[in-house]
Amino acid sequence: MAGLVGRATRDALLKVPGAVQGQNARMMSSTTARNMKRAAVVGLGGLAVAGTTIYMAGLNESKVYASDMELHPPKYPWPHKQFLKAFDHDSLRRGYEVYKNVCSACHSLQYLHYRDLVGVIFTEDEAKAEAAENMVVDGPNDDGEMYEREGKLTDRLPKPYPNPEAAAAANNGVEPPDLTYIVRGRHGEEDYIFALLTGYKDAPAGVKLGEGVHYNPYYPGGAISMAMALYNEIIEYSDGTPATQSQLAKDVTTFLAWTAAPEHDLRKWMAIKLTLLGTIFLVSSFFFKRHRWAYLKTKQVALKK
Amino acid sequence: MEIKKYFYFFLSGYFSSFNQEMKPDQNVFQKMFFSLVNLPVPPNLTIMWNFGSLLGTCLFIQILSGLLLACHYTPDVSYAFDSVVYIMREVNNGWLIRSIHVNGASAFFVCIYIHIARGIFYHSFFKKHTWLVGCTILLVLMGIAFTGYVLPWGQMSYWGATVITNLASAIPYIGTDLVEWMWGGFCVGNATLKRFFVVHFLLPFMLMALSGVHIFYLHETGSSNPLGVDSDGEAVPFHSFYTLKDLVGIVVLIWLVGVVCLCFPDFFSDPINFNPADPLKTPTHIQPEWYFLFAYAILRSIPNKLGGVLGLVLSVAVLYIMPFFPKGYQRGIQYNIFAQSLFWGFVGNFVFLSFIGACPIEHPYDLMGVVSSVVYFLFFPLYILSYLSWDYVLMEIIHPGEKKTHVHVFSVARSVYLKLKNIVSSW
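Protein chains in written order, with the working numbering: chain A, 5 to 309; chain B, 10 to 436.
Think of the hints as simulated: they come from the structure by calculation, not from any bench. What you were told as hints is all true, and nothing was included just to trick you.
In silico DSSO-like pairs for lysine-lysine, Cα to Cα no more than 27 Å straight-line:
id, chain 1, residue 1, chain 2, residue 2
1, B, 430, B, 336
2, A, 272, A, 85
3, B, 314, B, 290
4, A, 132, A, 156
5, B, 290, A, 163
6, B, 290, A, 212
What you are looking at is a predicted structure, and each value in this text was computed from that prediction instead of being measured.
This is chain A alone, in the form it adopts within the complex (with noise of 0.2 Å):
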């Protein structure tokens, strides 16, 4: 045994004392890189062998119960999550369209102004229609008293209570979250917040909730002071498109991914021009490199006897 280590390893470690080998620099590199990948195979093997025994040993003791289920949303096809698309600007103002007339009543976008809205959702024209429809306190005048204006582009939107105790009130002690960073701010994002809108049931036998909460699975611990908001034909789409429930939740998850990210649509054509300029700038990088080392790597020594 003894005999067969050393003759597998005596050639390696005579090659290490003494003067160094330029020449085989990269030859005994290159077996460096192959020693690593075997024992990197080798070690994460055994680490896996270890990690599954250890995982089963505690499965095996393990107790699961019913109200450890939470139910987290399936993927949804979202066509602006692929890599070369934009946002559906058309679900984008049909989103609005929900927010508007459905969750606007609970809940704010405290963070997006109407001037935001232009471009994306609207002409400048209807964002200041828009904005115009609400009536905004202003002030102090030279009179120093406070007036109320017609609305403006740089206006936020107007919020659905005058502060968080109000909503509290109204909402059976819990405020309404702001909705600005909903789907950046839940896991799952943009699923959570469609499964939500579309996941409510009875509650399962066994369950008891408390006055003015509901069942909804995909709600942490099921229980959620929100009820069911969106019903089929609950709003008439401008476009004309049917509104059912699904496309309402649809639409205004669109909206609200929008509004947790209006830069989503500059960010993808940014990186589409660092994709290309990467690639120039790697390219050429590496052949510049590869150009000043030629002479180092092809270099060749003989030795005289």
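Fit chain B to the known structure of chain A by using the hints.
Okay, now just chain B, sitting in the frame of chain A:
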């Protein structure tokens, strides 16, 4: 004129820097410049030696993007979250600057962990001064990352700060006072946020200085190399061989960070941090960023609070003792299949610990965390054994009976080995 000339030489790939020797009439900047340009470097450094320059690039990117963010950030609990939203929505390309800063931090840790792993694999930790300064750089970087994570004042920022600063309360006698001193009050609040911002702003400059010391000590001894042999017999100038090689690595790094920032900006972030901090609402599952998860898992695996904190500190501080490990005959474990298996097992265990740190504290993850934590600390003594014993076995084969420098530690192993050898030879 002089600067223009040097710049031109730098751009040209054919500048033979060995000819540009230091002269007495050169000023200090010229001397520093030529000491970098002329640095003799082993010709066989692999891509694993690129991560030092990548870390320097990360530091530069983080400081630059951080300064831009600091122009608009407001360190006040009432405005911090809104100022971050302002940066992301109103500042020109503010979303991109913030994304670069957030994901740049992750890139920084990826590079530094690979850099440390390379040091362990090729025994760079025997360069004592360089390694010890490097360990300090890691600790300072962790401090910067932690204070930076608090600044957006999201839910995870607030609760992360509360949990981690509370750990200091485990220190006997002074713990509670220390925590209140850090907070600047009786809970994490406005004073905490302001001082964390100051610390987060200042520490990177300390990191720059430490990096300079790190490089200074490295240049005292020179780089190690993949063969683990003395490279004095054959070296090449740093410029332009390694400036160009580092440039390729820097382009790859910037490209990768750019792809993450533009295609997956929230990949390394916790969604909960998009919710403003609420001291009355504890998140169901509090966890730090991915780069702290291994230490966090070790912390949670020890039931005693002080013990957990010690485990957490030791998980990083253990690197400080590595320069004092006994030296083997070979420099590195590139020819040692047993030590390599151990090393890659350690890497796998590190990843596994990070996974456990992200899991809730419940069965079976708690048990797995304990086992994995023990394996983490066992690696270090076993690693010494693996390279010393392998050296001993090989040397016994090549020079049987000769007195070795490290054999005393392995007298038991030696007797076992000789018995095995007798059995095999008797067959």
